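Number of protein chains: 2
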Amino acid sequence: MYMTRKGILFIISGPSGVGKGTIKKAVLPRVGDLLESISATTRKPRINEEHGREYFFLTEEEFKTWIQQDKFIEWANVYSNMYGTPREFVIKKLEQGKDVLLEIDIQGALQVKATMPEGVFIFIAPPAIEDLVDRLCNRDQDSPESIAARLAASEKEMSYMPLYDYVVVNDDLEDAVTKTEAIIIAERCKISNLNMG
Amino acid sequence: MYMTRKGILFIISGPSGVGKGTIKKAVLPRVGDLLESISATTRKPRINEEHGREYFFLTEEEFKTWIQQDKFIEWANVYSNMYGTPREFVIKKLEQGKDVLLEIDIQGALQVKATMPEGVFIFIAPPAIEDLVDRLCNRDQDSPESIAARLAASEKEMSYMPLYDYVVVNDDLEDAVTKTEAIIIAERCKISNLNMG
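Read top to bottom, the protein sequences are chains X and G. Under our numbering, the first residue of the first sequence carries the number 1270, and numbering increases by one thereafter. Under our numbering, the first residue of the second sequence carries the number 1270, and numbering increases by one thereafter.
A portion of the hints provided could be inaccurate.
Given that identical chains are not distinguished, each listed pair holds provided it fits within a single copy or across any two copies.
As the list claims (entries may be wrong) - In silico DSS-like links for lysine-lysine, alpha-carbon gap of 30 angstroms or less:
hint	residue 1	residue 2
1	Lys1313	Lys1459
2	Lys1425	Lys1362
3	Lys1361	Lys1425
4	Lys1459	Lys1294
5	Lys1459	Lys1425
6	Lys1275	Lys1382
7	Lys1275	Lys1425
Treat the hints as calculated values from the structure; they're not laboratory data. It should be emphasised that the depicted structure is a prediction, and the values quoted were computed from it without experimental measurement.
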């Protein structure tokens, strides 16, 4: 190959419960050379989650220190927990010409867009609002109050879709994964992402 | 699906002998809902080519009348033969929200770019110049003089690559077809190609 390429930052984002985490997990092994950024959070680990694998689990005090030291490219307070993306890993990998994938909520994506507009922003959309209710109710992680709050938030979050580059409607998981994979392959073929010799 | 989409014009183009016709033929059955534009030409039909299927075979006089009547979105004189893309079919299908595929040479693509810059321009590039020589020599359609002329043209044509949106290096056919297919799928997911309700 006589052309080299800049590292690309891919952001997979969308309303709560839309299935963006599932899509990300299915896409990663199918697309080579894509590094996942690990977020930091103050929320408690769920069963099977490990520090440094799913998240860096920080205390609120640690998290605030990281904010003060400008160690996040985005961070947010979501349902009383703090989430953030450590800056160093992302910047270093992109500079090395490697692609990085972030799976983050919409507030986070908007912050990343503000400082790294060259990123590729993929909005995972629910097929219909009824379907989103079903998914939130069936994953057994949320109280009825939490589900109601998430739904209200989701509706507002849909209005941010026009700020993204791509939309993938998650009406069929295999189809959504294929589309997300296609977006990654296509972006790697973009002339504007090449280093012209 | 609660979102509708504009018709997208895809242009597959590149130097002579790069394999763009082969890629196009492999991509069409794999990607649904993609209409191929049929070009007009004054060159003689090859064996197995049919009027109205591979090309509209026109006399030089007929072709010039079409030019005068502004019936082409692009046309060119290549190696003493004229080639052109009839305008009506393309415009009509795009207006109906259908995607259209053009496989054309670089001169043609530049003309389309001038009048329809919203098209998606895919440059099929050879893996290396030596490989292009092999292909031209092995397809038994060209005289040594014709091969020399095509190679000189190809080198010049490579310089137009930065005007395209994507580049697909045809070093492996299956890989090149997968990438071209991915570009089509990804473009269909672009927010800027949606009709926002």
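Hints that the structure is at odds with (numbers, increasing)
Result: hints 1, 2 and 3 break, sorted rising.
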